[in-house]
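There are 2 protein chains.
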Amino acid sequence: MKVVALAGGVGAGKFLRGLVRAVPAQDVTVIVNTGDDLRVHGLHVSPDLDSVTYWLAGVADRERGWGREGETFRATAELRDRFEAEGSWFGLGDLDLATHVFRTSLLAGGATLSEATARVCERFGVPVRLLPMSDERVTTMIHTLTEDGVQVVFDFQQYWVQRGARDDVKEILFDGVEEAKPAPGVMHALHSADAILLCPSNPVVSIGPILAVPGVRRVIARRKEVVAGVSPIVGGSPVRGMADRLLPAWGVEVSAAGVAEHYRDVIGGWVIDVVDEAQAERIRALDLRVAATDSIMTDDAKAEALARVALELASA
Amino acid sequence: MKVVALAGGVGAGKFLRGLVRAVPAQDVTVIVNTGDDLRVHGLHVSPDLDSVTYWLAGVADRERGWGREGETFRATAELRDRFEAEGSWFGLGDLDLATHVFRTSLLAGGATLSEATARVCERFGVPVRLLPMSDERVTTMIHTLTEDGVQVVFDFQQYWVQRGARDDVKEILFDGVEEAKPAPGVMHALHSADAILLCPSNPVVSIGPILAVPGVRRVIARRKEVVAGVSPIVGGSPVRGMADRLLPAWGVEVSAAGVAEHYRDVIGGWVIDVVDEAQAERIRALDLRVAATDSIMTDDAKAEALARVALELASA
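Quick note, the sequences are listed as chains A and B, same order.
Each residue of the first sequence is one higher than the one before, starting from 2 at the first, in the numbering used here.
Each residue of the second sequence is one higher than the one before, starting from 2 at the first, in the numbering used here.
Okay, chain A solo, but in the shape it has when bound:
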């Protein structure tokens, strides 16, 4: 059974740890958002690729969510405190830095992002096939109205990390996406998958960019009967992150049913948390299969149970 998962960062990382307990890892292809990719101090940083890699490799910091466990931040502290370097608001750990230095050096040597990702995954012993959504640059841009009433455009990490998502979001655009091609393997994996899962990631800035890569939304929509998603909204707010700040800009209600409605043309099934069971009827009315389960992934066993529910719904 070939499984494809669309993934953002931390939520996806946790979910995928469960997925590889439910199906053989070699049958899993993960297509990862690269809309948050950015240059920090000249280094190519791929936050979502790295989060998923670290989670699947078992080296993620479970408490903090992002980055490596046992991490230190000496180089970044030096860049911030001594050099007052632009971009040092982005906390690159010393171990994490090795990944960015290695990736940047491969890219500078002519490797594509797919090739660099494969090399990084191999070194971490990641058991699944991890693909960036595209080898071309796509940058999620957040058009905001700041506290002072000024319209400013931030890239996603600036908006999220540097500004703490405090600005009113007017619009979200994926700069470069029209020219981007799906990375090698992406379209084939989607065409031939027995199940396609949308990880419980931010629908706007994690899954949104992947679906916006030309061709991707169409093939998923055509295969919607084998597609199931896991709601990242539980009890009316995001399990993690700030999707509630972004969904309204797309006119999406911040609820499990609201996100299901947003995805209705690309999914056949929708997994919600038990606390949202009351919304099941409304979701079924969208002509979607629904399952309600415990979706809070406090450990791998819970993530596995959640993955099994999603897989069942995808292949129902």
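Since the hints were derived computationally from the structure, they do not count as laboratory data.
Treat the hints with care, as some may be off.
Calculated Cβ distances over 12 Å to all of chain A for the following chain B residues [what the hints assert, rightly or not]:
1. Glu72
2. Ala99
3. Arg104
4. Leu107
5. Glu116
6. Arg124
7. Val162
8. Leu174
9. Gly216
10. Val235
11. Arg241
Simulated coverage check for chain B against chain A, where a stretch passes if three residues somewhere in it have a Cβ under 8 Å from a Cβ of chain A [said to hold, decoys possible]:
12. 37 to 44
13. 271 to 283
14. 296 to 304
What follows is a set of in silico ranges between Cβ atoms, one per label pair, in the way DEER data are often shown [said to hold, decoys possible]:
15. Thr73(B) <-> Trp90(A): 14 to 24 Å
16. Gly150(A) <-> Arg120(B): 27 to 37 Å
17. Val162(B) <-> Val275(A): 57 to 67 Å
18. Val153(A) <-> Met2(B): 49 to 59 Å
19. Glu148(A) <-> Gly66(B): 50 to 60 Å
20. Glu148(A) <-> Arg120(B): 30 to 40 Å
Idealized CB from N, CA, C, for every residue including glycine.
Use these hints to put chain B onto chain A, whose structure you have.
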């Protein structure tokens, strides 16, 4: 009294700490070898500029000689052990890495090496004016005969750090030096200096590249009466490093007098260690002024005393 010093790495760093106790730091210009500069993981590393910066800023590791005190090597260990990255034989500390990342990012943004160096020095509060010998790339190449009898060309850091200077040196070439121009300020500083000092650095691979930059040797030779050098050879061997492996390739005797002879067209005075006092006559016979003193810089006070002797000899 305007003083210019020609500098390599660690020996120069120690000496310059003494020099800035002997004369006001704002009157000191240091011209630093960049022939050892290299790209490590895509980062621009300037070993001698950094050594001198760290020593003058008081953040050098006195025990190890190179790098920062209280340094850790987590990113490099990761690059070596996990990524098996090319170049990870070069030990970049985590704090040190911040310098290279900052410099590389300035250079990528269009800054010259001089400009990047000024920014780094400013952030470290280095009190002297530190100039790279040139803003253009010059690479010291060591032509060797390996243990297996094979002729191989290494850049200096490969020869020195990776190969541990174990190969027989046939020739030393400064690749790119014919096209290189002295960095802005270098020629003016040399023309207007009241004293020019050659730090106790490696004559072949530290002072050699600086003298090889077109125009530099000529102006120093013309001003030789105000030039004094400090012998890096004490008792027939280098105080630090492996100059004894390199001097013979240039036909230079590994002794205080041998190096004085090598420098005779560019110096007016030569400072030797008291243990080499017997060679004073031979050096005077080269038409050079000589002073014998304790040249082992175990602390800043000793470095200061040595700097005072050199200054006196330069302006005698």
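Each hint tested on the structure:
no. : hint                                : in the structure
1   : Glu72                               : 9 Å, violated
2   : Ala99                               : 4 Å, violated
3   : Arg104                              : 9 Å, violated
4   : Leu107                              : 9 Å, violated
5   : Glu116                              : 14 Å, holds
6   : Arg124                              : 5 Å, violated
7   : Val162                              : 18 Å, holds
8   : Leu174                              : 26 Å, holds
9   : Gly216                              : 33 Å, holds
10  : Val235                              : 35 Å, holds
11  : Arg241                              : 27 Å, holds
12  : 37 to 44                            : holds (count 3)
13  : 271 to 283                          : violated (count 0)
14  : 296 to 304                          : violated (count 0)
15  : Thr73(B) <-> Trp90(A): 14 to 24 Å   : 22 Å, holds
16  : Gly150(A) <-> Arg120(B): 27 to 37 Å : 36 Å, holds
17  : Val162(B) <-> Val275(A): 57 to 67 Å : 60 Å, holds
18  : Val153(A) <-> Met2(B): 49 to 59 Å   : 53 Å, holds
19  : Glu148(A) <-> Gly66(B): 50 to 60 Å  : 51 Å, holds
20  : Glu148(A) <-> Arg120(B): 30 to 40 Å : 33 Å, holds
When each numbered hint is compared with the structure, violations occur for hints 1, 2, 3, 4, 6, 13, 14.
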